[in-house]
Amino acid sequence: MSERLIPYQPMDLAEPAALVAAIRQRRGGQFINLDRMLLHSTPIAEGWNHFIGEIRNNLSLDPKLRELAMCGVAVLNGAEYEFFHHAPPFIKAGGTEEQVQALRLIGQASFPATLFTSVEQDAVELTLQMTRHIKVDGDVMKRLQAALGNTITVELVSVVAAYNMVSRFLIALDINPEEHPPE
1 MSERLIPYQP MDLAEPAALV AAIRQRRGGQ FINLDRMLLH STPIAEGWNH FIGEIRNNLS
61 LDPKLRELAM CGVAVLNGAE YEFFHHAPPF IKAGGTEEQV QALRLIGQAS FPATLFTSVE
121 QDAVELTLQM TRHIKVDGDV MKRLQAALGN TITVELVSVV AAYNMVSRFL IALDINPEEH
181 PPE
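The UniProt record's numbering applies: residue 1 is where the sequence shown begins, and numbers increase by one.
If you're looking for bench data, these hints aren't it; they were derived computationally from the structure.
Mixed in with the good hints there might be a few duds.
To be verified - Result set (DSSO-like, lysine-lysine): computed pairs, CA atoms no more than 27 Å apart in a straight line:
#1 Lys-135 to Lys-64
#2 Lys-64 to Lys-142
#3 Lys-92 to Lys-64
Said to hold, decoys possible - Computed Cβ-Cβ distance ranges for the label pairs, DEER-style:
#4 Ile-91 to Glu-54: 21 to 27 Å
#5 His-40 to Pro-88: 24 to 30 Å
#6 Leu-105 to Ser-60: 25 to 31 Å
#7 Glu-98 to Gly-53: 27 to 33 Å
#8 Glu-178 to Glu-15: 20 to 26 Å
#9 Thr-42 to Thr-96: 37 to 43 Å
#10 Gly-107 to Phe-84: 17 to 23 Å
All of these numbers come straight from a predicted model, not from anything done at the bench.
We treat Cβ as the ideally placed atom computed from N, Cα and C, and that holds for glycine.
Please work from the sequences and hints to get the whole structure.
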């Protein structure tokens with residue numbers, strides 16, 4: 001195994017104390033490798049913890065749609081770390097193991113869309129279009145807005161945008177999954 005170009009910060013990092021405590025609180029007490037990389041820059045780690053904390057914990061968006069979008073971004077960008085961390089919450093939010101396996105086929109002709117509701121299919125299409133092409137077909141946006149309303153549609157778009165940022169950070173810095181995903 002080769003040495004990391006930029007090493008992870010240690011698991012027992014104590015400073016900056018307030019930021020370390022806030023991240024540990026959001027994570028249930030333990031850092032994940034993403035946190036350990038972010039903590040090389042206090043301003044980035046602070047902003048990330050606040051922004052992603054809001055995305056993860058304070059939206060009106062249904063958690064299943066949120067995690068579906070996160071898993072979709074992960075697959076499309078080849079960010080296994082992201083998928084590793086978001087497939088379990090997708091299942092916890094009502095997804096099935098069959099749907100998790102289907103999500104690995106997003107963007108392929110063999111994607112089994114019939115395993116998902118029409119709104120979930122539109123969320124998958126939004127994720128695909130935003131991630132691969134940036135621009136989203138107006139009909140997809142109209143269907144989502146009609147089904148979800150303005151606030152939740154904006155939140156869904158924000159989740160896809162935010163997790164595209166996450167995947168790019170993970171891949172560029174070669175951040176690897178931990179042995180077990182956090183609960």
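What hints, given by number in increasing order, does this structure fail? none
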